[in-house]
Amino acid sequence: MSEIPVSSPPALSPRLLPAGDGALVVELGEGIVPALNAAVHRLDRRIAEAGLPGVVETVPTYRSVLVSFDPALTDPDSLGRALLDLAEGLSEAAPEPQRRWVVPVCFGGAHGEDLDEVARRARLTTAEVVALHCAADYRVYMLGFSPGFAYLGGLPEILHQPRRQNPRMMTPAGSVIQGGAQAAISPTAMPSGWHLLGRTPVRIFDLRRDQPFLLAPGDRVRFVAVPAVEYDRLAARAGLLPDRETVADDAPTDRGAAA
Amino acid sequence: MTGSHLRVAAAGPSSTVQDRGRIGYQRYGVSVAGAADPLLHAAANALVGNPAGEGAVEFTLAGDSLTVEGGPVRLAVAGAAALTVDDEPVPAWTSLRLRDGQTLRIGALREGVRGYWAVEGGFTLAPVLGSVATHARTALGGLTGGALRAGDRLPLCLDTATDRGELMLDPSLLPARGDDLRVVLGPQDDAFTPAGIAAFLEESFTVSHEADRMGYRLNGPAIEHARGFNITSDGIPLGAVQVPGTGRPIVLLADRQTTGGYPKIACVIGPDVAALAQKRPGESVRFRRIAPADARTLHARHRALVASLPSLLRPAGGFALTDSARMLGFNLIGGMVTGWE
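In order, the protein sequences belong to chains A and B. Per the numbering used here, residue 1 is the first one in the first sequence, and the count goes up by one each step. Per the numbering used here, residue 260 is the first one in the second sequence, and the count goes up by one each step.
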């Protein structure tokens, strides 16, 4: 597979889109592209830091930010102008530090029933699939679908596969899954058509924690393979949090195994 | 001391505790939820003296039967439902004082889909992510994360109702709700052909049987996409009209998912999302385009209406008010009732 060029900054074309009486969309481009998504999260941070009056919350996604506002406190014209100002120079901005979570995963067997099938389809051994997942530097493109569900970009291209023909009615919380070009960790027990590769004892959504959501939009994730005994040992620990590293956000991460 | 409770003697088809919703967590994939009709929700709260955002119960098509344990308790129902207390008819849109052991039965709504009942002081429920709103699909909020069930006991903040007269609200003072849903085009109106936009704005649609707190699927002419029906998933604002491959629009309500991959031709403004949430299957709606600036004006007017609800209340049944400050308030507000919408 040829390597995707990642060094050139994305050609951003910020535009403002109306979204009803209490929201605006700032769209930076099109598609699921690491550099574009990195710019989205940079914009999202800028909006948070700017403290614009009337902004209620933001939802950063692959290529745009949905900005909810209180029409009693701001008007869409002046808010829109302020947002477009913040969207200038995003691709040239200096890299900012990011959180990278190092997440222990027990791959295969009862913890990951689809690992063999994914390997067979990719014409790889299961050990090679695990090594590819652990070498990838995943980026949290966005959260959606259900509380805490993070879409992870950076699945090595050789592992891109269509979803299961037959979705599972239930996959356990902590399942490490892949579907299409993306990976994810299931925050709760849920139905899923993605391939089940392994399981982590880390709960990425836990209302008992001060910070219920482990992963925030723009975070990075690295998987570390652990044997079943280590999984069991970690799973016995209440409120387990994975190790955290600080990395720069200047290297979009779709290079997969090349990293 | 266990405090006063309301025991659910019988639950309506789908009754959930709601407030203004879970704000600030959509970025983590958490749906907003909250009252599908914030105006009626606020009206029920106003009748018992609560702030507009207090947790109250949204019932669907028919209400619950509630037995007081402790009390007395002050309750009010907003919605066109027949009510009884221990089998004696009592009015809706009026606060009621119920003693220990009395049972309020809330019957079927004669019109609309959702009614609300509120209790003075609200419920003693722990907020989840800043809100008591129930989002049943993800089992967040409310008493148990889901709809009320017979046998549930809702803990109340007040042991005893405060000493004041009962109040009523004339529902004809609330704005009439027609079939027009005012929309602002976008964010993805450019994903549709001119013929598709014309069908959307000029034709009439009917509410299908697939209509709930998450979304209302509408029947009508197919809305033509310009180039496929998949977009890169993005955030979904309240009232978004998404058009999947069938061309049949779905308007997204309070329980909507936070992100989605269908193009959104337009967004219904907040006050009209509430109006839609009161429409039953088979009822018709039309979309009417307005400018974003007008949307803001209408939103502000609706907000002012919600804020003014307490001033629209009147003493119930010729009850003599003891609170002179309240009395003064009524007199001062007397001339301000008209003019909304």
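Hints were generated in silico from the structure; no laboratory data involved. Computed from a prediction, not measured in an experiment: that's the story for all the values here. A virtual CB, placed ideally from N, CA and C, is assigned to each residue, including glycine. Heads up, a few of these hints could be off.
[Stated by the list, open to error] Some, not all, of what chain A presents toward chain B, calculated at C-beta under 7 Å:
1) Leu17
2) Ala19
3) Val25
4) Gly51
5) Leu52
6) Pro53
7) Glu57
8) Val59
9) Pro76
10) Gly80
11) Cys134
12) Ser146
13) Pro147
14) Pro227
15) Tyr231
16) Arg233
Evaluation of the provided hints:
Hint status for Leu17(A) relative to chain B: holds, with the closest Cβ pair at about 4 Å, below 7 Å. Among the interface hints, the one on Ala19(A) holds; its C-beta lies about 4 Å from the nearest C-beta in chain B, closer than the 7 Å criterion. Satisfaction of the interface hint for Val25(A) is found here, the shortest Cβ-Cβ separation to chain B being roughly 5 Å, below the 7 Å cut-off. Taken as an interface hint, Gly51(A) does not check out: its beta carbon lies about 15 Å from the nearest beta carbon of chain B, beyond 7 Å.
Violation of the interface hint for Leu52(A) is found here, the shortest Cβ-Cβ separation to chain B being roughly 15 Å, above the 7 Å cut-off. Here the hint on Pro53(A) is broken, as its CB sits about 14 Å from the closest CB of chain B, past 7 Å. Evaluation of the Glu57(A) hint against chain B yields a held restraint, the C-beta minimum of about 5 Å falling below 7 Å. Below 7 Å, beta-carbon pairs count as interface contacts, and Val59(A) has one with chain B at about 4 Å; its hint therefore holds.
A distance limit of 7 Å between C-beta atoms decides the matter here; for Pro76(A) the minimum to chain B is near 5 Å, and the interface restraint holds. Taking 7 Å as the C-beta cut-off, the interface hint given for Gly80(A) is violated, the closest approach to chain B being about 9 Å. Because the closest C-beta pair between Cys134(A) and chain B is about 25 Å apart, greater than 7 Å, the hint is violated. Checking Ser146(A) against chain B by beta carbon gives a least distance of about 6 Å; that is within 7 Å, so the hint holds.
Of the supplied interface hints, the one on Pro147(A) holds, with its beta-carbon coming within about 5 Å of a beta-carbon of chain B, less than 7 Å. A hinted interface residue such as Pro227(A) counts as satisfied when its beta carbon comes closer than 7 Å to some beta carbon of chain B; here the least separation is about 31 Å, so the hint is violated. Among the interface hints, the one on Tyr231(A) is violated; its C-beta lies about 25 Å from the nearest C-beta in chain B, farther than the 7 Å criterion. The beta carbon of Arg233(A) comes no nearer than 29 Å to any beta carbon in chain B, farther than 7 Å, and the hint placing it at the interface is violated.
Hint compliance for this structure: hints 4, 5, 6, 10, 11, 14, 15 and 16 are broken, all remaining hints hold.
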